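Student: Okay, here's what each chain looks like letter by letter:
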Amino acid sequence: MSLLDQNWGGSGGGDEDALDDNQQGRQILTSRDGTLMLIECASEMFESLANAMNTASSNSDDDDDRELTTGFQVVMRACQRFYQSKIISNDKDLSGIILYGTEKNKNAFDFNHIYILHELAQPSAERIIQLENLSKKDTFQKTYKDLFGSTQSKGYSLNEALWTCSNLFSNSPQRLTIKRVFIFTCNDQPHASNLTLERQAKQRAKDLNDVGIQVEVFPILTETRTTFDYKKFFQDVLMLSDDELELRNSQAPTGRLNELLKLVYSKEHKKRAYCTVPFSLGTASDGTPLQLSVSVFNMVRPCTKPSKIKLDMKTNMETKTVTKHYLPETAEILMPSDIQYGIDVSNRRVLFDGDEIKAIKKFSDPGFEILGFKNLSCLLPHHYVKPGHFIYPDEKYVEGSACLFNALLKKCLEKQMFILCQFTARRSTPPRLVALIPQAEEVNKKDPSDRIASNGFHVHYLPYADDIRTLPKNDVARVPDEQVDVFKNVIRNLKFKYRSDKFENPALQTLWRNIEAAALNKDKPEEFVDLTIPNEENQNEKVGSYITEIKQMFFPPDYVMGVTKRSSTKRKADSAATSSSTKRSKSDENVDVEAAARNNLLPKLTVPILKDYCKEKNLKATGTKKQDLIDAIEQYLSIAT
Amino acid sequence: MAANKEALALVVDIGVGMSQAAPGFDTPLQITSDILQMIVQRKMFQQSKDELALILYGADDTNNELADDDNYQNINVAFALAPANWHLFEEIQKIRPGNSPADLVDAVVVAADHLRRETEGKRGYAAKRILLFTNAATPFSDNNLQVIVDSLRQQDIIVDAIGPTWGQQDEGNEDAADGDDGHQNNQPGSPMQTNGHDQEESASARPTTNNHHQSPKKPLTPQQKTGIRVISDIVNTTEGSLFTFREALGILSVHQSKSVKPTATKYVMQLADLKLHICTYIQVKDNKPGIFRLKKVYARDPTTEIKVDRSRYTRDEQDEEIEKEELTDGFRYGTTFVPITKETLEDMKYQSEKCFSIIGFSDANMMRRSLYLGDTVYEVIAEPAYEEEAQTFTGLVQAMYETNSVAIVRKCFSERSSPELGFLRPHIAHDHICMYYVKLPFAEDVRGFDFDNLDAIKRNQPSEEQLKTIDNLITTMDLTHADQGGEEAFQPELISNPYIQRMFQSIARRAISPEEPLALTNTVMEMNDALIRSIAARSKRTIDEIHDQFVLRDTNRRQKITTGDALFGSNDISTKKARHEENGEETTIDSTSFEAQAAAKKKAALKTVGTVTPAEDFKILVEQGSPSFSDVCKQMCTLIIDLINNSHGDSLFDKALQCVQCLRETCLAKLEPKLFNDFETLLKRKAADVDGRKDFWKKIVDEKISLITSEECIESNVIPVEAKKFLEEETANEVMNNTSTVGDQDENEEDLFDLI
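Protein sequences, first through last, are from chains E and P. In this text, residue positions in the first sequence follow the numbering used here: the first is 12, and each later residue adds one. In this text, residue positions in the second sequence follow the numbering used here: the first is 1097, and each later residue adds one.
Please note: incorrect hints may appear among the correct ones.
[Claimed, not checked] Below 25 Å or equal to it, Euclidean Cα-Cα: the simulated SDA-like pairs (lysine to any residue) are: (1) E/K335 to E/S357; (2) P/K1554 to E/E410; (3) P/K1190 to P/E1216; (4) E/K513 to P/I1387; (5) P/K1190 to E/S357; (6) P/K1392 to P/K1715; (7) E/K331 to P/E1449; (8) P/K1715 to P/A1615; (9) E/K331 to P/R1789; (10) P/K1564 to E/D149; (11) E/K615 to P/A1460; (12) E/K369 to P/N1100; (13) E/K397 to P/R1464; (14) E/K148 to E/K397; (15) E/K535 to E/P184; (16) E/K499 to P/R1781; (17) E/K103 to E/S357; (18) P/K1564 to E/K217; (19) P/K1800 to P/G1721; (20) E/K553 to P/S1458; (21) E/K397 to E/V361; (22) E/K282 to P/A1360; (23) E/K319 to E/P300; (24) E/K369 to P/K1715; (25) E/K508 to P/I1387; (26) P/K1403 to P/L1390; (27) P/K1392 to E/V361; (28) P/K1554 to E/A529; (29) E/K148 to E/P184; (30) P/K1770 to P/V1718; (31) E/K484 to P/D1746; (32) E/K615 to P/K1438; (33) E/K316 to P/I1387; (34) P/K1392 to P/K1770.
[Unchecked claim] Per label pair, the in silico range of CB-to-CB distance: (35) P/K1391 to E/P491: 37 to 47 Å; (36) E/T481 to P/Q1580: 21 to 31 Å; (37) P/D1246 to E/T481: 56 to 66 Å; (38) P/K1636 to E/S388: 22 to 32 Å.
These aren't lab readings, by the way, just hints derived from the structure by calculation. Since the model is a prediction, treat every value here as computed from it, not as a measurement. We treat Cβ as the ideally placed atom computed from N, Cα and C, and that holds for glycine.
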């Protein structure tokens, strides 16, 4: 799990009720996370890092990270990366940074040595650039001094620092689903000499926990502070059990920090139901409807690209659109009640009210209605119209849903059947037929904690007759088996195990990196490796010999693949003629067109050929349509039709 | 293609024989008229270029080019050859039985002559047809029949005939008739199958939605027998078809949208060093008929199309309009706005070339359907012009098919479009070989949601007995061979989109009788009624067993939400009521929007609170006492919220504020403080919302419009201090925690908030 993940570090997602959608399946609530970085600024933070930390930070491939010699720089870089990743993964989330142990102070209570660098807010380019200056070798000392004063102080109270965090959270204008405080410190016992302060700090940490604020510690080891013992103080702050304590103390202190230092370009998706709807199996004889409740999730959806917005040139601020409906003649602004909807059929305008349009679209209330079961083999390769969903039972609305759902799932899996349903997603969405395809839980054999697929039904939309097009049959001669075998060799040597998380979207990744570079005034964007471009060299190495064999089997020796566009008339000319030139001569063209005209084949020729012919013969066509050209040529050659 | 339309003469017998039927049954002429209307509608809906003529014989007046004093009498060319339009439709509706017998063969001659005259010198006609509607009851002369038939053949005119029966077959036995007539329907060029879709079997197998009473079987008169023989002769010689009324109705009952000509998108498929020319065709894509596109028109003058103005404004208090020239493109980076020039924008875009490259092969079993993305299934075949490459392509398909492999592909439509990932699945049938292409997700598109194993909780584990019951359910509801003749039931290929059917039906109904309400039928259930009934009957016992064995308890949570919904979220109930009272009949109207409410308002005189003088309307309605007080209040609340939301700047705020005040006074007077207090709480919450209207809330605070307190009204449970605090507090999230003002309503309010 990533640190960017909302569920990290605790029983996140407990607020599921709030996340869930209402009955209509509309998403209204946006849930945001809030993260505060609480960073100690003791003098040790400006010492060289301990060896353990050093290797960790310079382990990363990034050259920039090598210049991070002090704990403070590393922490600032981690915050910077956290902001950068947040902008991509979920830019609605709020973050902030508080320093303690500074000379200057800046906070609502005038606590000493506590400095709020960033209030809880969405990340911005300015903040990131500032953090970059606070982490870079040649700028961090000056920037630090200018902002927080030159000296460090031990006279802080962690209680007051935590209280500041708590206060920032409660003053947040946005409702936060998850609140976290990350403490970065090199001091495993900050108030060793003052028991009162220590007691207050522990009590405050408990209060924070009680109002749902999670606290996490990132130890920083330096030359003089080479160990970090959670037992001394932070066990009580983090509320660790003895087992957890042991685990913590045995872990390398750098693991979590390194995760923060990583720059991740991926969007975070909060697990939230698209809608929660009834699933109707029928009606019992006594009239009770047999209904369970299921939550519908979108498991695969195109990740949206950052959308272009329109800015006011003068201020570079965002603008808004105001849509007005008006009458073309009088420019009178109209209210919705003045609007009707028209469909023109053969010059007659057929009129509907807005509510009638809705009524036409409404067939039944949202939900699944079972039609029956079918063998999975009834699903043909082309039975697909749009991305599907995943359903999982919901006990909130109907208790007992999970048991019945589970029974259906088990039996469908066993009998290799799918459930055919009519599914209405929203009130005024016409129904579609869906196949509920059973999915058993699949776990990675090597790592049982890695769940590859969860159990439930996939909702697979089926096309209607109207959606399936009739295409001409492509009945071509089959290739004999021994030749097919050569292709099999190609396939075998280019086979890999497809996984849906294997390929990143090149267009999206490029855009993300470019926007970032533009916002942070970078010369060039972060590098991206596009795995979707096949490595031709590599492929040829693996299957080159078979490809050569295939070429020899099917193609004449001088055949050049995939280049020329040849019309069928040209092909015949080619096979007869010796000329290998791809450009046809003038006389050829004339023969072609005239011969075609005599054989009533003009419609088979392409427009450019017809146009060229017309131009050459100075023919004036009545229009630009193909038929006009044909008419002109036929007239010229006086071929009666 | 130049030849893309048909010339079609509809020749209709309106003689006495056509208007005779047993009591309670439609006359042949009536059924003919229905069929004709359906044909014309269909041509109009499909925006077909086909041209139609309407020729009535047995008419009281004579109107045709061939007529002189003695010949070709009582044949009326009611509509000269032209694309279908409403005029033709009205001519069909005007058809009345005639009393002057006319000769069938003469009518065919007039029709052929008319087709010849009208098409002569014009191009683009792929076929010429005569569609003959008769029950052959009127006598005629077959003197020159052979000459006439020869001339029809010479002109390439096809004659089809449609009547109640064509003799030999037993009309009552539908199965037999269908079986025998199947081949006729299969002709792709038949007049009603303009789409060439393979709907033939389905159309006749499905019960028609129009339940016409067919005439009971009557013995044929000798005249009819002769007539049928002659007509069959003409039809056969011209290679036309015979249809019974029942068949025609069956075929026509399914609306079809405009057919789309398959067009190829060409690529060069690359696999290592191999480059093959291929064509992709759309095989499956959600069909959204273009004709359904709605135009916004002015209600008071529907000929005026409403224009839309989307101008840009600053997002601050000034609310200034910004000229197009003063705008620049940009992106949001966190809260930072990054302006980008047009040129940089191009540079920032990912550069790609058109391609269709195979990255590698994978096991077909890995391609879960749940991964499919995009809205289209493409068929991929080799471009036939390149024979050698086509052979190579075939070899590849065969090898993939035999090794159960799919190819993972990077596809890019053009330099300007983003590359996509997809896969090719080989498909081989006895007469068809191709691959199907479907889009696949990128890593960013996959949301790694995790769900607990259902067996982890004991309560969720079904017992052996329960499993056995579900087993039974699957067996009794197995559709794999449930259709007639052991065929698969509900094959996607045979189920029409009910929405498309209903929309066409609604357009037709509204076009023909604009005043009548719409009949909203055509659900999948209705269209497959017989099948559903039979399955329901079979599974009845098992359903009861499930009911006994599985405990399903409704927590009534949904109920609560519905109540909240009715309170403020949507006004559909009140609208429905208003409509109901007004029309005095049940209409299934579901509406949630302001538009819907406004539309209802327009029709319902003063049954609802209008936007023009809402406070006055409200007072009158309250006095009137109907609809109920709570309903009127609901309307008022919805209206206030609409006013706030639709207000550009604060232009409508005063009006809304007036309404709030009026609502408060009235609630106070009627001893219903809760209605108002709930509403004000909601307003405050909306103000707290980012997109909410904080400024409006400010106005409320400025005007000191507080909650109704227990001092003012005994029914209220809000004490004055709370009310004061309620106004003073920030609209921030403290409101959520402040339960005292909201009291026990809190939970409902939560849901309410969700809804709005």
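Student: Straight-line Cα separation of E/K148 and E/P184 no greater than 25 Å?
Tutor: Given that 25 Å is the threshold and the Cα spacing comes to 36 Å, the pair is violated.
Student: Against the 25 Å threshold, does the CA-CA distance of E/K499 and P/R1781 hold or violate the hint?
Tutor: At roughly 65 Å apart (the allowed maximum being 25 Å), P/R1781 and E/K499 break the hint.
Student: Does P/E1216 sit within 25 Å of P/K1190, going by the straight-line distance between their CA atoms?
Tutor: Given that 25 Å is the threshold and the Cα spacing comes to 29 Å, the pair is violated.
Student: Between E/K369 and P/N1100, does the CA-CA distance stay at or below 25 Å?
Tutor: violated, 36 Å
Student: Could you grab the alpha-carbon distance between E/K397 and P/R1464 and see if it respects the 25 Å cut-off?
Tutor: Holds, because 14 Å separates the two Cα atoms, which is no more than 25 Å.
Student: Is it true that P/K1391 and E/P491 lie within 37 to 47 Å of each other by Cβ?
Tutor: Violated, since P/K1391 and E/P491 (Cβ atoms, about 59 Å apart) do not stay within the stated range.
Student: Between P/K1715 and P/A1615, is the straight-line Cα distance small enough, at 25 Å or below?
Tutor: violated, 35 Å
Student: Straight-line Cα separation of P/K1800 and P/G1721 no greater than 25 Å?
Tutor: violated, 29 Å
Student: Between E/K397 and E/V361, is the straight-line Cα distance small enough, at 25 Å or below?
Tutor: Given pair E/K397, E/V361 is violated - Cα atoms ~31 Å apart, limit 25 Å.
Student: Check whether the Cα positions of E/K535 and E/P184 lie no farther apart than 25 Å.
Tutor: This hinted pair is violated, its Cα atoms lying about 36 Å apart.
Student: Mind checking the alpha carbons of P/K1403 and P/L1390 for me, to see if they're no more than 25 Å apart?
Tutor: holds, 13 Å
Student: Given the proposed pairing of P/K1190 with E/S357, does the C-alpha separation stay at or below 25 Å?
Tutor: holds, 19 Å
Checked against the numbered hints above, the structure violates hints 1, 3, 4, 6, 7, 8, 10, 11, 12, 14, 15, 16, 17, 18, 19, 21, 22, 23, 24, 25, 28, 29, 31, 32, 33, 34, 35 and 37; every other hint is satisfied.
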